[in-house]
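**Q** Counting from 1 along the first sequence, just add 2 to a position and that's the residue number in our numbering.
Honestly, I wouldn't trust all of these hints.
Derived DSS-like pairs (lysine-lysine); straight-line CA-CA distance at most 27 Å [what the hints assert, rightly or not]:
id: 1; residue 1: Lys83; residue 2: Lys118
id: 2; residue 1: Lys85; residue 2: Lys106
id: 3; residue 1: Lys30; residue 2: Lys118
id: 4; residue 1: Lys106; residue 2: Lys20
id: 5; residue 1: Lys30; residue 2: Lys85
id: 6; residue 1: Lys30; residue 2: Lys20
id: 7; residue 1: Lys106; residue 2: Lys83
id: 8; residue 1: Lys118; residue 2: Lys20
By construction, these hints were calculated from the structure, which means they are not laboratory data.
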Amino acid sequence: MRRLTPREAARRLLRAPKSAQRDAAFRKVNRQIPRGRVATYAQVAAAAGYPLYHRHVAQLLHREGNALPWQRVVGAGGQIKLKYEAGLEQRARLEMEGVRFRGKRVDMVEHQHRFKGWDWE
DNA sequence: ATCCTGACCCAAG
DNA sequence: GCTTGGGCCAGGA
């Protein structure tokens, strides 16, 4: 497979369904979150340019999180939204990156990532 | 087209 | 802290 030129890539994106463009934007934003930091679903959605799509961010991570730093996306206020074992795994992964918790929630004051330009403040 | 669901969010009480 | 209700949107049945 030859590598696509930027122009070809752009063209391919335009032809692609909207959902694919969104997902691509979500993946890109998710990958911008550095180790030891987290962002909320709403933050990722907004930073990707789709302010009302926080639920879809979750859907994407659910589908193909394995190929992404999915553990760095949490609910508003630092809540872990995964249930049961999955939730424990996310917490463990984050703690392994040095993220600290206050009770059930991630210490957002310490670890919330700020995307440059985007997202309030 | 309708109905249901979801790793959501937020304001209320 | 909690629960509830409403809002949001696309995808699948």
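**Q** All the hints need checking, so say for each whether the structure fits it.
**A** Verification of the supplied hints:
For the hint pairing Lys83 with Lys118, the CA-to-CA distance comes to about 25 Å; that is within 27 Å, so the pair holds. Using a Cα cut-off of 27 Å, the hinted pair Lys85 and Lys106 holds, with the two alpha carbons roughly 13 Å apart. For the suggested pair Lys30 and Lys118, the alpha carbons sit about 14 Å apart, so the restraint of at most 27 Å is met. Of the pairs offered as hints, the one joining Lys106 and Lys20 is violated, with about 36 Å between alpha carbons and a cut-off of 27 Å exceeded.
Between Lys30 and Lys85 the alpha-carbon distance is near 25 Å, which keeps this suggested pair within the 27 Å criterion. Under the criterion of a C-alpha separation no larger than 27 Å, the hint pairing Lys30 with Lys20 is consistent with the structure, at around 15 Å. Pair hint Lys106 plus Lys83 holds up; C-alpha atoms about 11 Å apart against a cutoff of 27 Å. For a cut-off of 27 Å, the pair hint linking Lys118 to Lys20 stands: about 25 Å separates their Cα positions.
Checked against the numbered hints above, the structure breaks only hint 4 and satisfies the rest.
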